[in-house]
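**Student:** Sequence:
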Amino acid sequence: MLKSHPHASPPSIPSQYASWFDDRIEQFIEARKGKYEPTSFFKGRNGFFITISFDHSLRKQRLEDSALVDGSGAKTEMDTFQDLYNVICRILIGRNYHRPSFHDLKPLAIGCLDVNGSRYWRSMGELENAHIHSIWIFTDQTTDGFRTLLADKERLASIKERFSIRELDVQQLDHDHRNSTGDSRASSYMAKFMVHNNHELKVADDFRVLPFQVEKTLN
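Just add 95 to wherever you are in the sequence shown, counting from 1, and you've got this note's numbering.
A few of these clues could be false.
[To be verified] DEER-style ranges, computed between Cβ atoms:
#, residue 1, residue 2, range
1, Ser148, Gln122, 18 to 24 angstroms
2, Tyr131, Arg273, 21 to 27 angstroms
3, Gln267, Ser107, 28 to 34 angstroms
4, Arg280, Gln156, 32 to 38 angstroms
Since the hints were derived computationally from the structure, they do not count as laboratory data. All C-beta atoms in this analysis are idealised placements derived from N, C-alpha and C, irrespective of residue type, glycine included.
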């Protein structure tokens, strides 16, 4: 998955993750764009940087209530990210979105956990206000549907309430925003918590790439 650098210093970790995220995005776009279309055009048309902030008081209460009912383990923020992804896929593709035949219509979504103060990881204390930064690349067939969903304030409010989301900040991606290492600034920003978590593992579930790979079989 990542390049092996056993003696690399912690600040190199976000760059390795960012490079891997960028590669996944490039692969996704390459398989779906027009033959002569620049990657930047597809990414600019179908790409979004989405920050998901949670109402942690409501989230905690719901998790506690759920545990009382079924005794199941508490869902992580990344579990909720996956649940949100599935709901959006169902809205955009239909209730059979999970079938292999619809796999290529699903958006690519890369989500990374972040907490307050992660930019200053050397002086971080207790983890506070866990939230998710994510990059979503939709297909040409589903981008308009996603924009329609964003404009439907009532439906969007219902989704946010369902997942204890306080705010969804949605920004269009800019392909040309790169840092000195050549990685996209969006991918690098997403990966900044990885430095702290790699230095001292406090959260086991800190990123997720969706959809999961599926094996295509011949009929």
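**Student:** For each hint, tell me whether it holds in the structure or not.
**Tutor:** How the hints compare with the structure:
{"no.": "1", "hint": "Ser148 / Gln122: 18 to 24 angstroms", "result": "violated, 29 angstroms"}
{"no.": "2", "hint": "Tyr131 / Arg273: 21 to 27 angstroms", "result": "holds, 23 angstroms"}
{"no.": "3", "hint": "Gln267 / Ser107: 28 to 34 angstroms", "result": "holds, 29 angstroms"}
{"no.": "4", "hint": "Arg280 / Gln156: 32 to 38 angstroms", "result": "holds, 36 angstroms"}
Violated hint for the displayed structure: number 1, the only one.
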